[in-house]
Amino acid sequence: MHLIPEEHQMLSGEHGRATQKAMEILTALGTIYEAEEMVPVTSVQIAGVSFDNLGEAGLEFLSEMADGGGQARVLTTLNPAGMDIENWQALGIDPEFARNQERVIDAYARMGVVTTCSCTPYLFGNLPHFGEHIAWAESSAVCYANSVLGARTNREGGPSALAAALTGRTPRYGLHLSKNRQPGLTVRVDAGLSGTRAFGALGIVVGRAIEARQVKAIPYLRGIPTASVDELKSLCASVATYGGLAMFHIEGITPESSQHPAPDETLVVTQGDLDEAIRSLDVPTTNEEVDFVSLGCPHLSLNEIQRAAELLKGGHVRKTFWITTSRPVKRIADQMGYTEVIEEAGAIFAVDTCCVVAPIKGRFKRIATDSAKACYYAGAKNGFETRFLPFDEVIEEALK
Amino acid sequence: MILNGRKISTGQATGEALVTSMGISFYGGVDPETGQVVEKSHELEGQSIAGRVLVFPTGKGSTVGSYTLYRLKKAGLAPAAIINVEAETITAVGCIISEIPCVDRIPIEQIETGMQVSVDGETGSVEVK
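Line by line, the protein sequences are chains A and B. Here the first sequence is numbered in our numbering, starting from 1 and rising by one per residue. Here the second sequence is numbered in our numbering, starting from 401 and rising by one per residue.
Treat the hints as calculated values from the structure; they're not laboratory data. Be careful, since some hints might not be right.
Now the in silico label distances, taken between C-beta atoms and shown as ranges [what the hints assert, rightly or not]: (1) A:GLY68 - B:MET401: 35 to 45 Å; (2) A:GLN9 - B:VAL528: 48 to 58 Å; (3) A:GLN259 - B:SER441: 44 to 54 Å; (4) A:GLY252 - B:MET401: 24 to 34 Å; (5) A:GLY68 - B:THR523: 44 to 54 Å; (6) A:GLY252 - B:GLU445: 45 to 55 Å; (7) A:PRO95 - B:GLY428: 37 to 47 Å; (8) B:SER448 - A:HIS316: 48 to 58 Å; (9) A:ARG103 - B:VAL528: 56 to 66 Å; (10) B:SER462 - A:ARG279: 49 to 59 Å; (11) B:ILE402 - A:ARG279: 38 to 48 Å; (12) B:GLY461 - A:GLU393: 46 to 56 Å; (13) A:HIS316 - B:LYS440: 44 to 54 Å; (14) B:ASN404 - A:GLU37: 43 to 53 Å.
A few chain B positions that, by computed beta-carbon distances, are all more than 12 Å from chain A [claimed, not checked]: (15) SER462; (16) SER466; (17) LEU472; (18) GLU488; (19) GLY494; (20) ASP504; (21) GLU512; (22) GLN516.
We put the beta carbon where it would ideally sit given N, CA and C, even for glycine.
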């Protein structure tokens, strides 16, 4: 792998211990994936923030990197934490967990990382443009950046994203190269799609189909006339969760779709396929009542919070209902009065966190949500039963 | 016998080989408190990887596994070195942050459990004694 003089200096320790370790990580990855050189990145999104996932070992590593003088060289934001940093008591978080979570955030802050804890950095200013090379972790945001924005990133893990932040580099392989961004499978959607749940269901069908293939392929979706930002972020989270996908194209919607002809091999998705995907996550009747309702996986946009406020106005929530979003979006919701309406109805803002990464195992039995990704982790990580409903019906469920 | 591969993580170490033909998931598959393989029906289930030269085809599982290796190292329970056929991100990153020598592209069928093995993470070579 060819390194330029500055990268050699980083590797030999001239920029400090943390930068050296970061460059060691990147050159090893470059070796494994046969990159010829490093590429400068302009933006980083780091995963490995919730203490629930990191544990003591992860925290120790971060502290070591901060003590070793590591400093972010480009705009770097963080994934959701295990709790609302300002309001963790209201979420019933254990004080010892809260202390450890604060130590994690502090280690990142010492390294110059912007400690907004969110999976939707593109909604508040960490917004790369078309063709920019970036290094993002957080699978849903990776998929959004590649597909919707046309920026270029591999699916980074926590340490490799941090390494990119501390060096401003990433090895040039995978989705940084144009040849690896070509579609390999046409997906013809023969069904009307509307709303976050419908797009999440499409993500399940496409994700599972790709997952079952010997050779992975980037899908080229046809038959989707329009898609909102909220619907696209739902689709991204779902295909990343169910298919490990880092990218898709949608004809007429995503920016690189016009550069490629539709591949010959075609998968047809019918309304029946979508219904079946929904049924696999939405079990309407069991012995358990829904005792947990959550919206905001990925984190809610301002538009979605506005809609939630409209539906909750004057109502009375009868279940634990988390609204999860980023701190910057919450501040605008405060300013617009949406927060007041939502809280008056009895829903709780769980900012900086979400139902996927918060330590909620054992606290609930059955969750209602509009997110296919949240359903997956509710089952796999926390053992909850799931109801997978359209956005508006999730709110109706909370009010029941 | 000298086997030449690629350097993944620097450092040198010698130890007794522990060989498996199965992939290893450090997160969930190895107990960070004991260094024992706990993955059900794994060839190495119940065996400790502490201080051994751990030889396996490639890593698998959650990316959090890198931190499991780091935790094992802090507890003095990490492998002395790792030899892979193909290293992947989890094992490579785990070795680098934990300072465990690692080389790959080694024909591991030539190594048997119990053999004394020296791993040179500077040159990417393995000496089987």
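Results for each hint:
1. A:GLY68 - B:MET401: 35 to 45 Å: The hint (35 to 45 Å, Cβ to Cβ) holds, given that GLY68 (chain A) and MET401 (chain B) are roughly 39 Å apart.
2. A:GLN9 - B:VAL528: 48 to 58 Å: violated, 37 Å
3. A:GLN259 - B:SER441: 44 to 54 Å: holds, 47 Å
4. A:GLY252 - B:MET401: 24 to 34 Å: violated, 60 Å
5. A:GLY68 - B:THR523: 44 to 54 Å: violated, 27 Å
6. A:GLY252 - B:GLU445: 45 to 55 Å: holds, 52 Å
7. A:PRO95 - B:GLY428: 37 to 47 Å: About 27 Å separates the Cβ atoms of PRO95 (chain A) and GLY428 (chain B), which means 37 to 47 Å is violated.
8. B:SER448 - A:HIS316: 48 to 58 Å: About 57 Å separates the Cβ atoms of SER448 (chain B) and HIS316 (chain A), which means 48 to 58 Å holds.
9. A:ARG103 - B:VAL528: 56 to 66 Å: Taking Cβ atoms as reference, ARG103 (chain A) and VAL528 (chain B) lie about 44 Å apart, which means the hint is violated.
10. B:SER462 - A:ARG279: 49 to 59 Å: At roughly 28 Å between Cβ atoms, ARG279 (chain A) and SER462 (chain B) fall outside 49 to 59 Å, so the hint is violated.
11. B:ILE402 - A:ARG279: 38 to 48 Å: The hinted range 38 to 48 Å is violated for ILE402 (chain B) and ARG279 (chain A), with Cβ atoms some 59 Å apart.
12. B:GLY461 - A:GLU393: 46 to 56 Å: Check failed, 36 Å falls outside 46 to 56 Å.
13. A:HIS316 - B:LYS440: 44 to 54 Å: holds, 47 Å
14. B:ASN404 - A:GLU37: 43 to 53 Å: For ASN404 (chain B) and GLU37 (chain A) the Cβ distance comes to about 24 Å; the hint is violated.
15. SER462: violated, 9 Å
16. SER466: violated, 6 Å
17. LEU472: Not fine: 8 Å to the nearest Cβ puts LEU472 (chain B) too close to chain A.
18. GLU488: violated, 7 Å
19. GLY494: Answer for GLY494 (chain B): violated, closest chain A Cβ roughly 8 Å.
20. ASP504: violated, 8 Å
21. GLU512: holds, 26 Å
22. GLN516: holds, 26 Å
Comparing the model with each numbered hint stated earlier shows that hints 2, 4, 5, 7, 9, 10, 11, 12, 14, 15, 16, 17, 18, 19 and 20 do not hold.
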